[in-house]
Structures are given as structure tokens and as C-alpha cells.
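Go by the hints and put chain B onto chain A.
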Amino acid sequence: MTQDSIVADNLPYLDISDPGFSIRSSEVMRARELCWCARTNYGLAVLRYDDVQKLLRHPKLRQGSYRWPTLNDVTGEFARWWESMLLSQEGDNHSRLRRMANPAFSPKLITTLAPKFTELATMLIDEFAPKGECDFIAEFTEPYATGVICELLGLPFERWRELADIAADMGLALGVTFKKDLPTIEAATRRLFDYVEELVEARRAAPKDDFIGMLIKANEDKSQLSDQELLDMIVLAIFGGIDTTRNQLGLAMATFIEHSEQWALLAEQPELGRAAVEEVMRVRPTVTWVTREAVEDFTYNDTPIEKGTTLHLFSQSATSDPRVFDDASFDITAERKPHFGFGGGAHHCLGHFIARGDMTEALKLLAQRLKNPRFNGEVEWLPDSGNTGAIRMPIAFDPA
Amino acid sequence: MKVHVNMDICLLHGQCVIAAPEIFSFDDNGDLHWVEVIDDSQVADAEAASDACPEQAIILG
Numbered sequence: 001m002t003q004d005s006i007v008a009d010n011l012p013y014l015d016i017s018d019p020g021f022s023i024r025s026s027e028v029m030r031a032r033e034l035c036w037c038a039r040t041n042y043g044l045a046v047l048r049y050d051d052v053q054k055l056l057r058h059p060k061l062r063q064g065s066y067r068w069p070t071l072n073d074v075t076g077e078f079a080r081w082w083e084s085m086l087l088s089q090e091g092d093n094h095s096r097l098r099r100m101a102n103p104a105f106s107p108k109l110i111t112t113l114a115p116k117f118t119e120l121a122t123m124l125i126d127e128f129a130p131k132g133e134c135d136f137i138a139e140f141t142e143p144y145a146t147g148v149i150c151e152l153l154g155l156p157f158e159r160w161r162e163l164a165d166i167a168a169d170m171g172l173a174l175g176v177t178f179k180k181d182l183p184t185i186e187a188a189t190r191r192l193f194d195y196v197e198e199l200v201e202a203r204r205a206a207p208k209d210d211f212i213g214m215l216i217k218a219n220e221d222k223s224q225l226s227d228q229e230l231l232d233m234i235v236l237a238i239f240g241g242i243d244t245t246r247n248q249l250g251l252a253m254a255t256f257i258e259h260s261e262q263w264a265l266l267a268e269q270p271e272l273g274r275a276a277v278e279e280v281m282r283v284r285p286t287v288t289w290v291t292r293e294a295v296e297d298f299t300y301n302d303t304p305i306e307k308g309t310t311l312h313l314f315s316q317s318a319t320s321d322p323r324v325f326d327d328a329s330f331d332i333t334a335e336r337k338p339h340f341g342f343g344g345g346a347h348h349c350l351g352h353f354i355a356r357g358d359m360t361e362a363l364k365l366l367a368q369r370l371k372n373p374r375f376n377g378e379v380e381w382l383p384d385s386g387n388t389g390a391i392r393m394p395i396a397f398d399p400a
Numbered sequence: 001m002k003v004h005v006n007m008d009i010c011l012l013h014g015q016c017v018i019a020a021p022e023i024f025s026f027d028d029n030g031d032l033h034w035v036e037v038i039d040d041s042q043v044a045d046a047e048a049a050s051d052a053c054p055e056q057a058i059i060l061g
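Keeping their order, the protein sequence lines are chains A and B.
Numbering follows the working numbering, with no gaps: position 71 of the first sequence is 71.
Numbering follows the working numbering, with no gaps: position 34 of the second sequence is 34.
To be clear, the hints were calculated from the coordinates, so they are not data collected in a lab.
Take these hints with a grain of salt, some might be off.
[What the hints assert, rightly or not] Distance condition first, Cα-Cα at most 16 Å in a straight line; then the derived EDC-like pairs of lysine to aspartate or glutamate:
1) A:54 to B:31
2) A:54 to B:28
3) A:337 to A:50
4) A:371 to A:126
5) A:116 to A:151
6) A:217 to A:201
7) A:108 to B:47
8) A:307 to A:293
9) B:2 to B:40
10) A:217 to A:227
11) A:108 to B:51
12) A:108 to A:210
13) A:337 to A:326
14) A:60 to B:28
15) A:307 to A:297
16) A:108 to B:55
17) A:60 to A:296
18) B:2 to B:47
19) A:54 to A:293
20) A:60 to A:90
21) A:337 to A:327
22) A:337 to B:55
23) A:60 to B:31
24) A:60 to A:297
25) A:371 to A:398
26) A:337 to B:8
27) A:60 to B:27
28) A:208 to A:151
[To be verified] Using C-beta positions, here's what the derived DEER-type ranges look like:
29) A:326 to B:4: 28 to 36 Å
30) B:31 to A:326: 27 to 35 Å
31) A:333 to B:7: 21 to 29 Å
32) B:7 to A:210: 31 to 39 Å
33) A:333 to B:9: 18 to 26 Å
34) B:8 to A:295: 28 to 36 Å
35) B:56 to A:224: 25 to 33 Å
36) B:55 to A:210: 23 to 31 Å
37) B:44 to A:210: 13 to 21 Å
38) B:7 to A:123: 41 to 49 Å
39) A:377 to B:2: 52 to 60 Å
The C-beta atom is built at its ideal place from N, Cα and C for all residues, glycine as well.
Okay, chain B solo, but in the shape it has when bound:
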């Protein structure tokens, strides 16, 4: 599965980092990074992150 974050609407709340820390992370500058291709074992975490995003900026597909 592919993971994409629409940075035009992302407000960097970091709810994805809380929900799925193995997929999403902040660097020391506070920029968001994520794993772009995940395996089946990580799909549930990615969906939890996508649901938790207050801005609904995470696109899975």
C-alpha cells in the first residue's frame, strides 16, 4: 500500500506520529516524514493514522 500526505492541508498536528510511529515521524526541524510504501502488516496502523488526522490529509492507496 502507498502512503501519501497532502502537505497543502497538513497542519503538522502529529496525530499520525502518535497513531503509527513506525510509519510517520518528525525530524529535529519539526518536518513530517513518512514511509511511502508499507507492507500488509502496517495497513491497520496506517488506517488508524489516516482516521486520526484532524485535517484528513493522509491518502492511502
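Extracted from the complex, chain A is given alone in its bound form:
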């Protein structure tokens, strides 16, 4: 892939494959002041709010991460699944699969699930709260995010550890060490497909009226949903729902630890829970960029963009853009323009109503039960780009 033709002179350059690269660095902010985009080793990075918003749903662009395995020179079971699942599809195929999945993720569902979220969060907090300390990832965000998926798919919560481990191992595929980690990723992918096949068999024998039941029903007509598409969709629901929520809630805690007055405010006014989720996703989204690819040559902002060019839409950079956010500091009471933490356009996150609902309930409860949270040891982070978050976050707090 040549990117040279788009190098209109004077574009800033960002080395985004450097593990030390940070999407929140002053380097990115300087580049954002110089130009709407920067060159990178993977194509262009789009840095400003208005441009990210337009390019997220530009008709000359398609979802871009379908090529991720190819770019990493990787084949196998994970690559096969990744390239065929909903997110990598476009056009009629994408529409057919999306229409099928939509009803299981509707906002109406949240009303029925909210009490379950509260119950799950309370159970987990009760376990560690008396100690006044915990690893927030291992003891809360991971079992919580996985528990929500278990609830949605009608899986027994007792098996959460197995699913969380599989999701974490498969998640390595989204990092810059994809190829090195391939054996672990492939083993996890096979385990998840075995798990899902077993699950589908059990549900065929004892049908339920839920997400999986609905997909099994659609699968009776193979032209509507093939056997492989059925498995691929359930694998996506598990993989897509666990790591993202786990990471986003960890990022929420880190942000509130740095803004303790906002945490106290949330405890006093739990009705700010939903706004807190939106504000955290604006300043610290786990999905730090969204990928697009040009399907034909076109010109944008006087910059010629060649077919095949990859564009990374930098969500965090866009939603801290001073052109749009006069005061971009973290404030859960501020009225804000929409963030891009769930992507946008045809591939807008399918699970966003559930994610918003479960994170709202979690933050409301946590703020009331964990007073004055602070770091209590070294936090281990994933690289601060791509899909980011904490792997380990020891915290201490005053139980309430």
C-alpha cells in the first residue's frame, strides 16, 4: 500500500505503531493545531472533531479494520472469523446481519435488564468492599462485564472466568503484538467456538426466547442466517461485549480517581450516572481510534485521498478539540456535543444501549459504596492507543 501520494507536504507525522505512542500526548495536540490530519505509518490520522464526525460516515469510506489480520500477515481461525463477522461486512450482507441482531440490543431491553445490572454490581461490591481495597479490574470490571454478557445470552454466571479469559486472550489480536501472540489467540478462538457450538446444540434441544433463541430461529432458513453466521454472531456478542466494557469501566475509575470531587458529586447525585458515562467516554474512550478505508479516490479538505488509504479517526483527540470544546476538562455536569466512543455510521456499536445502561448502574453504585478511591500500587496498562485500558488496577477506598 503506498501512502506517498497523499503526503501533501507539511503534514505532521505520528508513529502510531510505537508502543510508547500515546493518543493523549502533546505531540498529538500539536499536530491537531497544525492540520486536520497527520501522516502515520498506517495511513492518515484524523484529529479534529468536525472531520472525525464527517469521515465516520463518509460515503467514500468503508469500515477499515477488516484488513487487520492481512496487515499483520496473519491467517487462521481468528482471521477467518474476524474477516467474515458483522463489523467487517458492508452493503447488503451487513444490512441483513445487522437487521437480524438489532432487536436483541434494543433500548426497550435495558429497562428489563437494569435491575439485573444493579444486582450483579451489588454482589461483586459486597465481596471486596469490607477490605477497603481491591484490584478493580479482577474483582469488579472483568466479572461485571462478563456477567452482563452471561445475562444477555442466558449463560450461567458461574462460568464467567472461562469466558473472561477467552475474551482477554482473543483481545490480544487487536494489539500490535498480534502475530507474536497468535498461538494464544488461536487457542482461545477455538475454545470459544467449541463453547458456542455446545451452547447452540443445547438451545436447539431446549429453546429459549432470547438473543440466541432468536438467531437459532432465523437459522432455520439458511439463506437468512447460515450455520457459520450463527456461530460468528454469538462469538462477536461475547468477544465484543466483554473486553470493551471491562476496559471502559477501568478507564472510568482512573479518571474519577484523578477528579475526586466529581466522584463525590456522582455519589450525591446518582442521576448524573448516565452523564458520567458519556463524559468518561469523551475524555478516556477505550476505543481510541476508529478505522476507515477509502473505497475509491476522492478529495477531502483539498487533500487527495487514494483508494485503499487507511484513515484512523482519533476519537479522544476529536472530543478534546478546543475548536468545539471551550473547556474540555472533565465535568459530568457539562452539556457536551456527542463523543465518538461507540464509533458511528453503519457500524455504530450494536451493544451501546446495553453498555450505556450497565456502566451507568455500575458507576452510580460504586460512587456510593467506594468513597475516596485512590491508586494502591502500580496500575498495569495496555498500550495507550488502539483499544486501551488497564489490566490491573489496585485501588484503596473508604467503604460506605
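Showing chain B alone in chain A's frame:
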């Protein structure tokens, strides 16, 4: 049934176009158009579109 989209909050994701292509469409400029009055046979599609809208910008009534 009447269909209305609140363009103040619509972000043009196009989820309605995917969910109910006979009611919602994009023109070549990327502007959203929709059928303002639908018959009973289209109500289920309109509701699917309304549910699928990430911004909850579609009002049916």
C-alpha cells in the same frame, strides 16, 4: 402513522436506512429523507428503525 426525525439530534448514522430501507434513505449528498406517512404494513419496520437509532431521534405517532 406519522414518521418524524428530530434533525437537531440526528447524527446521520444511517441505522434507520439499514433497518427500514423502504421508509428511510440517503440521497447522493448524504442527506436523510423519509416517508412521512406510512401504512400499517410498514409500522413494524418503522419501529425497528426507531429502536435501532443510536440517538433515538425518530418519533412515531
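Checklist entry - Is the Cα-Cα distance between residue 2 (chain B) and residue 47 (chain B) 16 Å or less? => result Status holds; Cα separation ~12 Å.
Checklist entry - Are the Cα atoms of residue 60 (chain A) and residue 296 (chain A) separated by 16 Å or less? => result holds, 6 Å
Checklist entry - Going straight from one Cα to the other, do residue 54 (chain A) and residue 28 (chain B) come out at no more than 16 Å? => result holds, 15 Å
Item to check | 16 Å limit on alpha-carbon distance, applied to hinted pair residue 60 (chain A) and residue 297 (chain A) | outcome: holds, 8 Å
Item to check | Agreement of residue 54 (chain A) and residue 31 (chain B) with the hint, judged by alpha carbon distance not exceeding 16 Å | outcome: Answer holds: residue 54 (chain A) to residue 31 (chain B) is near 12 Å, not above 16 Å.
Checklist entry - Within 23 to 31 Å or not, the Cβ separation of residue 55 (chain B) and residue 210 (chain A)? => result holds, 26 Å
Checklist entry - Is the hinted pair residue 337 (chain A) and residue 50 (chain A) satisfied, with a Cα-Cα distance of at most 16 Å? => result The hint holds at about 11 Å.
Item to check | Pair hint residue 337 (chain A) and residue 326 (chain A), alpha-carbon separation not exceeding 16 Å | outcome: holds, 11 Å
Item to check | Distance restraint between residue 217 (chain A) and residue 227 (chain A), which requires alpha-carbon spacing of 16 Å or less | outcome: holds, 11 Å
Next on the checklist: The hint says 41 to 49 Å between residue 7 (chain B) and residue 123 (chain A); measuring C-beta to C-beta, is that right?
Outcome noted: Hint holds: Cβ distance 43 Å, inside 41 to 49 Å.
Checklist entry - Does the structure keep residue 371 (chain A) and residue 126 (chain A) at a Cα separation of 16 Å or less? => result Judged against 16 Å, a Cα distance of about 14 Å means the pair holds.
Checklist entry - Given the hint that residue 307 (chain A) pairs with residue 293 (chain A), does the C-alpha gap stay at or below 16 Å? => result Holds, at about 8 Å.
Of the numbered hints listed earlier, not one is contradicted by the structure.
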